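*Asks:* Sequence:
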Amino acid sequence: MKITIIGAGNMGGSIARGLAKGSLINAKDITITAKTEKTLDQLKKLYPEFHTTTDNTEAVKGAELIIVAVKPWLIDSVAKEICKSLNPKNQIVASVVAGVPFEHLETIFQVQEKTPVLFRLIPNTAISVLQSMTVISAYKASEAQIETITGIFNELGKTIVIEERLMTAATALCSCGTAYALRYIRAAMEGGVEMGLYPEQAKFIASQTVKGAAELLLAHNAHPEAEIDKVTTPGGITIKGLNEMESAGFSSAVIRGLKASK
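Reminder that position 46 of the sequence shown reads as 68 in my numbering, one-by-one numbering, no gaps.
By construction, these hints were calculated from the structure, which means they are not laboratory data. Computed from a predicted model, the values in this text were never measured in an experiment. Hints are supplied without guarantee of correctness; some may be wrong.
DSS-like cross-link-like pairs, simulated, lysine-lysine; straight-line CA separation at most 30 Å [claimed, not checked]:
| id | residue 1 | residue 2 |
| --- | --- | --- |
| 1 | Lys136 | Lys67 |
| 2 | Lys57 | Lys106 |
| 3 | Lys50 | Lys60 |
| 4 | Lys111 | Lys60 |
| 5 | Lys225 | Lys252 |
| 6 | Lys136 | Lys162 |
Here are the computed distance ranges between Cβ atoms for each label pair [what the hints assert, rightly or not]:
| id | residue 1 | residue 2 | range |
| --- | --- | --- | --- |
| 7 | Lys93 | Val253 | 28 to 36 Å |
| 8 | Glu103 | Met267 | 46 to 54 Å |
| 9 | Met23 | Glu128 | 19 to 27 Å |
| 10 | Glu249 | Gly121 | 28 to 36 Å |
| 11 | Gly218 | Glu128 | 52 to 60 Å |
| 12 | Lys67 | Glu125 | 34 to 42 Å |
For glycine and all other residues, C-beta sits at the position ideal for the given N, C-alpha and C.
Make a model of the complete structure from these sequences and hints.
*Replies:* Put into C-alpha cells, the structure is as follows:
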C-alpha cells in the first residue's frame, strides 16, 4: 500500500517512523509532506527511502491511504488543496486531527459531490516505537477496509474501533493520557530521588514498573484492583502509600484531568 502523510509534525512524523519500522509498509512507499524542507530533511536522515515534498497536491497522487496530520485550524485549507488530486473511488482519507467530526470531514473532502471513505484515527506518540494505543472510527467503510486500517495500526501498537461519539473521551485517555502517565513517572522519579536514588536509577525503576503494571493488565485481562490486591498486604507499606495518595486526591485528580481534556 502506498501511503501519504500530510504533515510531518510530532504526530505525522511519529506515524511515518512507526510505519517504516513495521513489516507491512515499505519506507519507499511512504510520502510525507511538510511546510519546510528542514523538517523533511530530519526524517530523510532516518529513512532515506521516504519520499518527501512540500507539495501536498502532488503528494496525494497515487496514494491509496492519505493520512492528514495537521493542526485543526489547517484542516480546511489542506482539504481544499488536496481535493484537486483526490480520487474518491480509489483513495481512503484518514484524519488524525482531533476534534474534527465526520460531518465536517465529509463536507471539506467532497470531490464532484463524492466523498472518499473516511477514517478518524487518534494514535499517541508511542507509535514511533510501535507501542501506540490508536482509537479508530470509520465512515462509509467496508469491513475489509476497516480490517486493513486496523491491521496497519495493530502493527504499531494496539487498536480499538469505536463509535465516533466516543472519540473525544478516547482521545483524552489515549493521547492526552501519554502525558499523564509520564507526569506520574516524573513524580515517582522525584520521590525516588528524595529517598536517595540517583535520577537515572529512579527513572529506570519507575518506567519499567509502569510498563510492567500495564503488561499485567493486558496479559491477565484483569481489573486493576485485582492486581493491586496482590501487593497490598494487610498493614503493609503499599496500602499505607495508596491511602496517603488517595487522601491527597490522587484518583479524583486523574479523573478531573481527563474530564478537563475532554
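*Asks:* Lysine 136 and lysine 162 were given as a pair; does the straight-line alpha-carbon distance stay at or below 30 Å?
*Replies:* holds, 12 Å
*Asks:* For the pair supplied as a hint, lysine 225 and lysine 252, is the alpha-carbon distance within the 30 Å limit?
*Replies:* holds, 24 Å
*Asks:* Does the Cβ distance between lysine 93 and valine 253 fall inside 28 to 36 Å?
*Replies:* Check failed, 43 Å falls outside 28 to 36 Å.
*Asks:* Starting from the hint 28 to 36 Å, judge whether the C-beta atoms of glutamate 249 and glycine 121 obey it.
*Replies:* Since glutamate 249 and glycine 121 have Cβ atoms about 34 Å apart, the given range 28 to 36 Å holds.
*Asks:* For the pair methionine 23 and glutamate 128, does the Cβ-Cβ distance stay inside 19 to 27 Å?
*Replies:* The hint (19 to 27 Å, Cβ to Cβ) holds, given that methionine 23 and glutamate 128 are roughly 23 Å apart.
*Asks:* Do the beta carbons of glycine 218 and glutamate 128 sit within 52 to 60 Å of each other?
*Replies:* Since the Cβ atoms of glycine 218 and glutamate 128 sit about 58 Å apart, the hinted range of 52 to 60 Å holds.
*Asks:* Take a look at whether the Cβ-Cβ distance between lysine 67 and glutamate 125 falls inside 34 to 42 Å.
*Replies:* Holds, at about 40 Å.
*Asks:* Measure nothing beyond the straight line between the CA atoms of lysine 57 and lysine 106; if it is 30 Å or shorter, mark the hint as holding.
*Replies:* Holds: lysine 57 and lysine 106 sit about 18 Å apart, inside 30 Å.
*Asks:* Hint says 46 to 54 Å; check whether the CB-CB distance for glutamate 103 and methionine 267 agrees.
*Replies:* The hinted range 46 to 54 Å holds for glutamate 103 and methionine 267, with Cβ atoms some 50 Å apart.
*Asks:* Is the straight-line distance between the alpha-carbon of lysine 136 and that of lysine 67 30 Å or less?
*Replies:* Roughly 38 Å between the alpha carbons, so the hint for lysine 136 and lysine 67 is violated.
*Asks:* Decide if the proposed pair is consistent with the structure: lysine 50 and lysine 60, CA atoms, cutoff 30 Å inclusive.
*Replies:* Between lysine 50 and lysine 60 the Cα gap is close to 20 Å, so the pair holds against 30 Å.
*Asks:* Measure nothing beyond the straight line between the CA atoms of lysine 111 and lysine 60; if it is 30 Å or shorter, mark the hint as holding.
*Replies:* Violated, at roughly 34 Å.
Hints 1, 4 and 7 from the list above are not met by this structure, while the remaining hints are.
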